[in-house]
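Asker: Quick mapping for you: the protein sequence lines, in order, are chains A and B.
Taking my numbering, the leading residue of the first sequence gets 1, the next gets one more, and so forth.
Taking my numbering, the leading residue of the second sequence gets 1, the next gets one more, and so forth.
It is worth saying that the hints were derived from the structure and are not from the lab.
Please note that the accuracy of each hint is not assured.
[Said to hold, decoys possible] Chain B is nowhere near these chain A residues, computed Cβ spacing over 10 Å in every case:
id, residue
1, G16
2, P79
3, D81
[As the list claims (entries may be wrong)] Simulated restraints, written as ranges between beta carbons of each label pair:
id, chain 1, residue 1, chain 2, residue 2, range
4, B, G16, A, G16, 52 to 62 Å
5, A, E5, B, P81, 34 to 44 Å
6, B, D63, A, Q93, 14 to 24 Å
7, A, R80, B, R9, 15 to 25 Å
8, A, H56, B, T38, 26 to 36 Å
[Stated by the list, open to error] Below, a sample of chain B positions facing chain A; criterion: calculated Cβ distance under 8 Å:
id, residue
9, V89
10, F91
11, Y107
12, T108
13, F109
14, S111
15, G112
16, T116
In this text the structure is predicted, and so the values were computed from the model without any measurement.
Backbone N, C-alpha and C define an ideal beta-carbon position, used for all residues, glycine too.
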Amino acid sequence: KNEVEQSPQNLTAQEGEFITINCSYSVGISALHWLQQHPGGGIVSLFMLSSGKKKHGRLIATINIQEKHSSLHITASHPRDSAVYICAVNRYQFYFGTGTSLTVIP
Amino acid sequence: DAGVIQSPRHEVTEMGQEVTLRCKPISGHDYLFWYRQTMMRGLELLIYFNNNVPIDDSGMPEDRFSAKMPNASFSTLKIQPSEPRDSAVYFCASSPIWANREDNYGYTFGSGTRLTVV
Chain A
1 KNEVEQSPQN LTAQEGEFIT INCSYSVGIS ALHWLQQHPG GGIVSLFMLS
51 SGKKKHGRLI ATINIQEKHS SLHITASHPR DSAVYICAVN RYQFYFGTGT
101 SLTVIP
Chain B
1 DAGVIQSPRH EVTEMGQEVT LRCKPISGHD YLFWYRQTMM RGLELLIYFN
51 NNVPIDDSGM PEDRFSAKMP NASFSTLKIQ PSEPRDSAVY FCASSPIWAN
101 REDNYGYTFG SGTRLTVV
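Taking the hints into account, I'd like the entire structure generated from these sequences.
Answerer: So, in structure tokens, the structure goes:
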């Protein structure tokens, strides 16, 4: 059993759609991270959060500590949002989800 | 700031050879992380440092792997001897602080080193 589960594994959306990617975890954590990996392989850290909600541009990340669940939302999606989104949690160790592959079609 | 700088970008080596990967973190960042990414296992944390001191190396696969951080601006990950199963992309990342600050988006990743061991 994976400590971090993401859903969906693959997601295709039309440009402009509202997108939600979910992350559930089973361990106690200090922080949860959302990472974006572009088709070229580079990784960008989008958010690090331990409670509540964070917003950066069109991206919103929320976390519910009691339910051990986090969501990443993308508003007004754009083809440049096409990437793999990875959820990771850490406390004493790091655990990574397997990623959600997002394709946004023009 | 130029970001986290890794070198080389690509490395092809023969089995049994020593491989050294290099990382220059962002100035002022207290934490440095080494990750490995493969198709089979995804992203894995190998080791991380705080203020140049190794804190957790439980992710280092075996004794063939070693990492050092002799000063705040440089770290190396060495594999000796290398094996084909070490082929992966190795990422270095740095972070200023763990805390949930509004202006802290977490880590800054380097571009990675793609290692191929033949």
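Asker: Against each hint, give a clear statement of whether it holds in the structure.
Answerer: Structure-based check of all given hints:
Against the 10 Å criterion, G16(A) stays outside the reach of chain B, whose nearest CB is about 25 Å from its own CB. For P79(A), the condition that its CB be more than 10 Å from all CB atoms of chain B holds, with the nearest at approximately 22 Å. Annotated as non-interface, D81(A) keeps its C-beta farther than 10 Å from every C-beta of chain B; the closest such distance is 16 Å. In this structure the hint that G16(B) and G16(A) lie 52 to 62 Å apart at CB holds, the actual value being about 53 Å.
About 36 Å separates the C-beta atoms of E5(A) and P81(B), a value consistent with the hinted range of 34 to 44 Å. The hinted range of 14 to 24 Å is satisfied by D63(B) and Q93(A), whose Cβ atoms lie roughly 20 Å apart. A hinted range of 15 to 25 Å for the beta carbons of R80(A) and R9(B) is consistent with their spacing of about 23 Å. Between H56(A) and T38(B) the C-beta distance comes to about 29 Å, which sits within the given range of 26 to 36 Å.
At its closest, the beta carbon of V89(B) sits 6 Å from a beta carbon of chain A; the interface hint therefore holds under the 8 Å criterion. Given the 8 Å rule on beta carbons, the hint for F91(B) holds: about 6 Å separates it from the nearest Cβ of chain A. Interface hint status for Y107(B): upheld, as the beta-carbon distance to the closest one in chain A is roughly 4 Å, under 8 Å. The restraint placing T108(B) at the interface with chain A holds, with a minimum CB-CB distance near 7 Å, inside the 8 Å limit.
For F109(B), the suggested interface contact is upheld, since its CB lies about 4 Å from the closest CB of chain A, less than 8 Å. Because the beta carbon of S111(B) sits about 6 Å from the nearest beta carbon in chain A, less than 8 Å, this interface hint is met. Interface restraint check for G112(B): the shortest CB-CB distance to chain A comes to about 6 Å, inside 8 Å, so the restraint holds. Violation of the interface hint for T116(B) is found here, the shortest Cβ-Cβ separation to chain A being roughly 14 Å, above the 8 Å cut-off.
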